[in-house]
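Q: This is what each chain is made of:
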Amino acid sequence: MSMTTPSRVAPGEPLARLLGVRKPLDPRARFWVGVLAFALPFIAWCLVSYVPFIWHPQVLVSNAGDTNVPGEYSYVASGDTVDFDVFVMRNRELSAAHAKLAEGKRVNPIYLQAPHEVARAMYTAFTTAPERTGDAWLHESLLQSCKVIFWGFLWSALFGVPLGVLCGTFPFFARLFEPFVDFVRYMPAPVFGALMVTMFGLADEPKIAIIFIGTFFQMVLIVSNTTRSVDASLLHAAQTLGASKLQLVWHVVVPGALPGLYRDMRILIGWAWTYLVVAELIGEKSGLSAFIYQQQRYRHFDNVYAAIVIIGVVGLAVDQVLAVLARYLFPWETGQTKLVRVMRAMRRALPQRALART
Amino acid sequence: MFDDSIQLPSYLDHPPEVAEYFQEIEKRRVVLGIEHLGRVFEGGETPVVALSDVNFQVRQREFISVIGPSGCGKSTLIRIVAGLEEPSSGVVAVDGIPVTGPGADRGMVFQNYTLFPWLTVRKNVLFGPRMKGIRADKADKAADEWLKLVGLSDFAELYPAQLSGGMKQRVAIARALANDPRILLMDEPFGALDAQTRCSMQAHLLRIWSAADVTVLFITHDLEEAIYLSDRIVVLGARPGRILEIIDVPVPRPRSQEQFLSAHFLATKKRLEELIHGRNPGADADGELLHD
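Heads up: the protein sequence lines correspond to chains A and B, in order. Taking numbering that gives the first Met the number 0, the leading residue of the first sequence gets 0, the next gets one more, and so forth. Taking numbering that gives the first Met the number 0, the leading residue of the second sequence gets 0, the next gets one more, and so forth.
Just chain A, with the same shape it has in the complex (with noise of 0.2 angstroms):
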């Protein structure tokens, strides 16, 4: 390139302005980087399950050649999914004794199912009746297992937030909570099932409470921290104009917190979902850990599969929807609300020298 001729967009400068030492990405390369997120580890699931000889590590059996050949390895059947030096050791003995050898095709193990079987699953999933009457279909189990979660988090959150905030607003009630809830934190929740089955039977109250037991404390102490976080000298500037005790707490600290403890929320929503698999299988196994549960007894690993991108699915979509939801919910944060979008505009109007004068 020469020195004179400057090209405006010189070799390698894309590439140095996707790795910009915390550099925003423009807003096209920020789209397109998160299909990456996503587009890459299935391109990856596609290549182990669709192009031979990457993995492939076992030979489904079609054709188990003369059986009546002896051997240690004579127990190669049709139909047989056996490792590939045993089929290659079968076809030995078989080739030593001039026999018929055996066929078969290289596979995957069944704990690795191609893409298709899987997006298949996804939906006769939902279509194919459970193989034992009486079992929950994939749906009743996914609306099961929301049910659990929403009504452990709301007990959780109707009592973790008002607690936290109550901690993180007066340093009394922080040292009077705080030391036992940072004690039972470490304890696992799981440790707590067979209690709860024996307090509360073994319907979804045991459930909702293990879920309440993982997320409740540490909410406290998240929350009471989140609290405490909000800017002192706003408390001072709303002292001089006046506030009263409780306007301060009412008035400065919770709408201070908010957007900080609603951000909060949707990480310990992940947790409540890590707390579900362990709270389904106490008691009467229910929900989608039971349908997971069930469907690895019978091998059935593309439903499984299915169950779990269901959860990442679930997950992800309520993440999102918070997310949106929070751009209306805190219009500060964003500037988002529809009057100040008429306002930016009306701004954009305005010739610049009026805009010079503020």
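There could be a bad hint or two in this list.
Claimed, not checked - Partial list, computed: chain B residues near chain A (C-beta under 8 angstroms): (1) Tyr20; (2) Ala103; (3) Gly127.
Derived from the structure by calculation, the hints contain no laboratory data. Using N, Cα and C, we set each Cβ at its ideal position, and we do this for glycine too.
For this one, chain A is given, so just place chain B on it according to the hints.
A: Then chain B, alone, in the frame of chain A:
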């Protein structure tokens, strides 16, 4: 900085209109009284005396600045007046009533704006009246007037994050004034602004001060800002923070930026430099290097 060959008048030498102005101020009632104020920070190896025996009075509609080097306790002083900190000794009284904590009678403007980010500009201004339980329609009208006075009527529905630093500080001033305080406390309010914005904000503040019935206690470390704005300047010295002198500014009002080069202005500035940087007229040429 000052060429001693230029003959400046004494800063004590008041023009007649200024002398008259100060006589008039003397007749007004005392809004803020500070008596034998002291503040000691315990806890370190040796207790730090931030303020020691500070005495002065601020009268109705007076504009008084407190100036001093960093560490002289000027911020501690204004925070004690605001009621955000407690004094170790002495009394702060507003209209003769001792201060026991923060209150609406002492509005404060902070250096870092401290606007409530979740409230629009108008709602920020309405915060004080709302806390007092003043009826919305009545408060609304007053808020609009204050916003008009600070020149932000068109921005009433924006959020603080959408404003520039200067605009934010104007909202903060309107918010404090809308609460109808006895005295407006300003803690280095323009310290975070760039030089140009700071200049226009000073002019703005003078305009607001002349339009509204408001007494101002203003903290700054900028000498010119103090002279330009104030009736009187309280000069604090550091370690321990104490009053070195209270200067009656001899620059006539109305003030303008052209006066920065007037004889009275420069004489006052010279005196302030002497007090703060410990330079006496005719001191050695290295004096410049000694101050912080």
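Q: Work down the list of hints and note, for each, if the structure agrees.
A: Hint check results:
no., hint, verdict
1, Tyr20, "violated, 30 angstroms"
2, Ala103, "holds, 3 angstroms"
3, Gly127, "holds, 4 angstroms"
When each numbered hint is compared with the structure, a violation occurs for hint 1 only.
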